[in-house]
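Listed below, chain by chain, are the residues.
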Amino acid sequence: MEVKFSNETLALVNKIIKRYPEGKQKSALLPVLHLAQSEFDGWLSTPVMDYVASILSIKPIEVYEVASFYSMYNLEPVGKCLIEVCQTGPCWLRGSDDIVEHLEKKLGIKNGETTSDGMFTLKTVECLGSCGTAPMLQCGADYYENLTNDKVDTLLDKWRTENKRSSYMK
Amino acid sequence: MGKKFLLEHVNVPGIETLKVYREKGGYASVEKALKTMTPDQIVEEVKFSDLRGRGGAGFPTGLKWSFLDKKSDKPRYLVCNADESEPGTFKDRYLMEKIPHILIEGMIVSSYTLGAKTAYIYIRGEYMYVLRILEKAIDEAYAAGFLGKNILGTDFSLDLYVQPGAGAYICGEETALLESLEGKRGNPRLKPPFPAVAGLYACPTVVNNVESIASVPTIINITADKYNDIGIGKSAGTKLISASGHINKPGVYEIELGLPVEEFIYSDEYCGGIWKGRKLKAAVAGGSSVPILPADLLLKTAKGQPRLMTYESMADGGFATGTMLGSGGFIVMDETACIVRNLWTFARFYHHESCGQCSPCREGTGWMEKVLHRIEHGHGKMSDIDLLVDVAKKIEGNTICPLGDAAAWPVASAIRHFREEFEYHVKYPEKVKNPKHFELEPFMSEALLVNS
Numbered sequence: 001m002e003v004k005f006s007n008e009t010l011a012l013v014n015k016i017i018k019r020y021p022e023g024k025q026k027s028a029l030l031p032v033l034h035l036a037q038s039e040f041d042g043w044l045s046t047p048v049m050d051y052v053a054s055i056l057s058i059k060p061i062e063v064y065e066v067a068s069f070y071s072m073y074n075l076e077p078v079g080k081c082l083i084e085v086c087q088t089g090p091c092w093l094r095g096s097d098d099i100v101e102h103l104e105k106k107l108g109i110k111n112g113e114t115t116s117d118g119m120f121t122l123k124t125v126e127c128l129g130s131c132g133t134a135p136m137l138q139c140g141a142d143y144y145e146n147l148t149n150d151k152v153d154t155l156l157d158k159w160r161t162e163n164k165r166s167s168y169m170k
Numbered sequence: 171m172g173k174k175f176l177l178e179h180v181n182v183p184g185i186e187t188l189k190v191y192r193e194k195g196g197y198a199s200v201e202k203a204l205k206t207m208t209p210d211q212i213v214e215e216v217k218f219s220d221l222r223g224r225g226g227a228g229f230p231t232g233l234k235w236s237f238l239d240k241k242s243d244k245p246r247y248l249v250c251n252a253d254e255s256e257p258g259t260f261k262d263r264y265l266m267e268k269i270p271h272i273l274i275e276g277m278i279v280s281s282y283t284l285g286a287k288t289a290y291i292y293i294r295g296e297y298m299y300v301l302r303i304l305e306k307a308i309d310e311a312y313a314a315g316f317l318g319k320n321i322l323g324t325d326f327s328l329d330l331y332v333q334p335g336a337g338a339y340i341c342g343e344e345t346a347l348l349e350s351l352e353g354k355r356g357n358p359r360l361k362p363p364f365p366a367v368a369g370l371y372a373c374p375t376v377v378n379n380v381e382s383i384a385s386v387p388t389i390i391n392i393t394a395d396k397y398n399d400i401g402i403g404k405s406a407g408t409k410l411i412s413a414s415g416h417i418n419k420p421g422v423y424e425i426e427l428g429l430p431v432e433e434f435i436y437s438d439e440y441c442g443g444i445w446k447g448r449k450l451k452a453a454v455a456g457g458s459s460v461p462i463l464p465a466d467l468l469l470k471t472a473k474g475q476p477r478l479m480t481y482e483s484m485a486d487g488g489f490a491t492g493t494m495l496g497s498g499g500f501i502v503m504d505e506t507a508c509i510v511r512n513l514w515t516f517a518r519f520y521h522h523e524s525c526g527q528c529s530p531c532r533e534g535t536g537w538m539e540k541v542l543h544r545i546e547h548g549h550g551k552m553s554d555i556d557l558l559v560d561v562a563k564k565i566e567g568n569t570i571c572p573l574g575d576a577a578a579w580p581v582a583s584a585i586r587h588f589r590e591e592f593e594y595h596v597k598y599p600e601k602v603k604n605p606k607h608f609e610l611e612p613f614m615s616e617a618l619l620v621n622s
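Heads up: the sequence lines are chains H and B, in that order. Each residue of the first sequence is one higher than the one before, starting from 1 at the first, in this note's numbering. Each residue of the second sequence is one higher than the one before, starting from 171 at the first, in this note's numbering.
Hints are supplied without guarantee of correctness; some may be wrong.
[To be verified] The calculated lysine to any residue pairs, modelled on SDA-like cross-linking and capped at a C-alpha distance of 25 Å, are:
#1 354(B) / 43(H)
#2 15(H) / 606(B)
#3 18(H) / 349(B)
#4 306(B) / 167(H)
#5 354(B) / 5(H)
#6 59(H) / 355(B)
#7 606(B) / 5(H)
#8 306(B) / 145(H)
#9 106(H) / 314(B)
#10 110(H) / 547(B)
#11 354(B) / 42(H)
#12 123(H) / 585(B)
#13 354(B) / 106(H)
#14 123(H) / 532(B)
#15 15(H) / 314(B)
#16 24(H) / 245(B)
#17 306(B) / 144(H)
I should point out that these hints are in silico values taken from the structure, not numbers from a laboratory.
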C-alpha cells in the first residue's frame with residue numbers, strides 16, 4: 001500500500017507549515033505525526049514516518065527520535081479503541097485501580113494487551129489533568145470522567161456498536 | 171466570597187463565545203493597552219502588580235518580561251505554556267475550556283508588550299479537545315479584528331497559533347517546550363542562554379503559563395495598584411487551585427491569595443471537607459512535586475500560625491516543616507490513604523517522564539520507583555528507606571532541569587514525615603500485600619489525624 005495523505009490532509013499539513021518562519025517547517029513535526037497516526041490506522045510504521053520526513057524535508061531519524069520520545073505516538077499497531085486509563089496518585093486515590101481491574105476482567109486482557117478481535121487495547125497512562133473528576137480514561141480525543149464500573153460497561157458497549165477507530169484528531 | 175477575576179463569568183452560558191465574552195467586558199484590556207499604554211508602561215504595571223508565574227515556580231512575571239533582549243534585531247516570540255501535566259493540576263485546562271478568550275486576550279496584550287508579532291500556545295497533546303476550543307476562539311478573534319494585521323486600527327499586528335504536544339511532562343519545562351515546538355525531543359537546554367535571549371529559533375522569547383497570561387487583562391483593567399491590594403505581601407491577586415483526592419467537592423477554585431488552608435479544605439465554598447465523614451491525614455498542596463505535609467503541619471505552621479495559601483506561608487519552615495504553593499494542585503488524603511502507595515505512583519510518574527538526558531534523574535527515578543514498588547508490595551527491607559533518601563539526595567541539584575528535584579522532593583518529604591509508615595510496610599509484608607491495606611485498617615493513630 002502506498003503511504004500518502006489524502007488531499008484534504010495534505011492541505012492541512014501545508015497550512016500548519018505556514019505557522020512557522022521560512023525554513024522552520026520541522027516545527028510541524030508533532031502536529032503532522034498526530035495527523036499521520038490518525039490517518040494510518042492509529043500507529044506510526046516506519047514507512048509512515050519516512051513519508052512524514054519526506055513531506056517536511058527532514059531526515060527519517062529526526063522523525064524516529066521524536067516519535068519514540070512522546071507517549072501519544074504508537075510505534076506498534078493498537079486495537080481500534082485505545083483505552084487509556086489514568087493511574088497517577090490523584091486518580092489512584094479515587095479508585096483508578098478498580099477501574100483497571102474491571103476493564104481487564106471485562107476485556108479478558110491485561111494492561112498493555114489487545115483483545116484477540118483487535119477491538120480494544122488497554123493501556124494505563126500517567127496524569128491526564130483530570131484529577132478533580134477521577135477516576136477517568138481517555139479514548140481518542142474524549143475524556144470520560146467520574147467513572148464507575150457501570151459507566152465503563154456502557155462505554156464498552158457503545159464502542160463495540162460504533163466499531164470506529166479512536167483518534168485524537170477525531 | 172473572595173474576589174474572582176479569572177472565573178468571574180465561568181457560569182455564564184455562552185461565555186466561550188466572543189460575543190458573550192465581550193458582553194461581559196472581554197477584550198477591554200486590548201483597547202486600553204494598545205491605545206493608551208506603551209509596552210514599557212505595561213511591563214512596569216505588571217511588575218508593580220506582583221503577579222508571579224502561576225505555573226508553579228512563582229517567578230515574578232514582570233521581571234521575567236524585563237529580561238527580554240531588546241537589543242537583538244531578531245523577531246521576538248511569546249509562547250504560552252499550556253502543557254499542564256503536573257499531577258494534581260487541571261486549572262489551565264478548566265480555564266481554557268470554559269473561557270478560551272481570556273487567554274487570547276492576555277496573549278494579545280502580552281505580545282504587544284513584548285513586541286512579539288507571532289505567538290504560540292503550546293498545549294499538551296492529550297488536551298486535543300481543548301485545542302479545538304482554542305482554535306475556534308482564535309478564529310472568532312481574527313474575524314473581530316483582535317488578531318491579524320493592524321489590530322483595532324493600530325500599528326500592532328499579531329498571529330496566534332496553537333501547537334499540540336504529544337505526551338511528555340518534561341515539555342512543561344520552558345526550554346524543553348521550545349525544543350518540542352521546534353519539532354524535536356523535549357530535552358531541556360543548558361542555561362544560559364535563557365529564552366529571553368535565545369529561545370524559540372534562537373530568538374528572544376518569553377514563556378509564560380496560561381494562568382499568568384490570563385491574569386494580565388485584569389491587571390490592565392483594574393490597575394496594578396488594585397490588583398496587588400488583594401493578597402498578602404508578595405503573594406498578590408487571585409490564584410486558581412485544582413482540588414482533588416478525598417474531598418467532597420473536587421474542582422477548580424479561584425481563591426484570593428491569603429486564604430487559610432483550613433478554610434479552603436473545610437468551607438463549603440471550596441472543598442467542602444473530607445469525604446465520607448473521614449479525617450484528614452495529609453495533602454500534597456501544590457502539585458505532585460512539592461513536599462507532602464501531614465494534617466497538623468498543613469493547617470498550621472511549625473510556629474503554630476494558621477497556614478495561609480500564599481507563596482510565603484506555604485513555604486514557612488522550609489522543607490523541614492513547610493511546602494510550596496506550586497501549581498496549586500491540591501491533593502488531599504484521608505485516613506485510608508497509603509502514603510507509600512501514593513508516593514510509588516509519583517515515582518513511577520517521574521521515571522516515565524524523565525527525558526533521560528541526565529544520569530542522576532534517568533537512573534535515580536528508576537531506582538526510586540523500583541524500591542518503592544517493593545516496599546509497597548511487601549518485599550522491602552529496612553535499609554531501603556535510607557536508600558531512598560540517599561538516591562533522592564543524589565538526584566537533587568544534579569540535573570539540567572528541575573524534574574530531578576521534582577522527583578526527589580516528594581520522596582524525601584514523605585520519609586521525613588511518615589517514616590513509621592514505611593517501616594510498617596517492611597515489618598508487616600503480609601498486611602500490605604493487599605493493595606487496600608489502610609482502607610481495611612487505617613495506619614495512623616487518631617491523634618495525628620484531623621477531624622472536620
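Structure-based check of all given hints:
The suggested pairing of residue 354(B) with residue 43(H) holds, with an alpha-carbon distance near 19 Å, which does not exceed 25 Å. Distance hint between residue 15(H) and residue 606(B) is unfulfilled; the C-alpha atoms sit about 52 Å from each other, more than 25 Å. About 18 Å separates the Cα atoms of residue 18(H) and residue 349(B), which keeps this hinted pair within 25 Å; it holds. Simply put, residue 306(B) and residue 167(H) have alpha-carbon atoms about 20 Å apart, close enough for the 25 Å limit, and the pair holds.
About 22 Å separates the Cα atoms of residue 354(B) and residue 5(H), which keeps this hinted pair within 25 Å; it holds. Of the pairs offered as hints, the one joining residue 59(H) and residue 355(B) holds, with about 14 Å between alpha carbons and a cut-off of 25 Å not exceeded. Of the pairs offered as hints, the one joining residue 606(B) and residue 5(H) is violated, with about 49 Å between alpha carbons and a cut-off of 25 Å exceeded. A hinted pair counts as satisfied when its Cα atoms are at most 25 Å apart, and residue 306(B) with residue 145(H) qualifies at roughly 24 Å.
In summary, the hint linking residue 106(H) to residue 314(B) is not supported, as the alpha carbons are separated by about 51 Å, beyond the 25 Å threshold. For a cut-off of 25 Å, the pair hint linking residue 110(H) to residue 547(B) stands: about 19 Å separates their Cα positions. For the suggested pair residue 354(B) and residue 42(H), the alpha carbons sit about 21 Å apart, so the restraint of at most 25 Å is met. Of the supplied pair hints, the one linking residue 123(H) and residue 585(B) is violated, its CA atoms being roughly 30 Å apart against a limit of 25 Å.
The hinted pair formed by residue 354(B) and residue 106(H) fails the criterion: a straight-line CA distance of about 39 Å is larger than 25 Å. Between the alpha carbons of residue 123(H) and residue 532(B) the distance comes to roughly 23 Å, so the proposed pair stays at or under 25 Å and holds. With a C-alpha separation of about 21 Å, the suggested pair residue 15(H) and residue 314(B) falls inside the 25 Å cut-off, and the hint holds. Restraint check for residue 24(H) and residue 245(B): the C-alpha separation of about 14 Å stays at or below 25 Å, so the hint holds.
Taking the CA atoms of residue 306(B) and residue 144(H), the gap is near 22 Å; set against the 25 Å cutoff, the hint holds.
Hints 2, 7, 9, 12, 13 from the earlier list are contradicted by this structure; the remaining hints agree with it.
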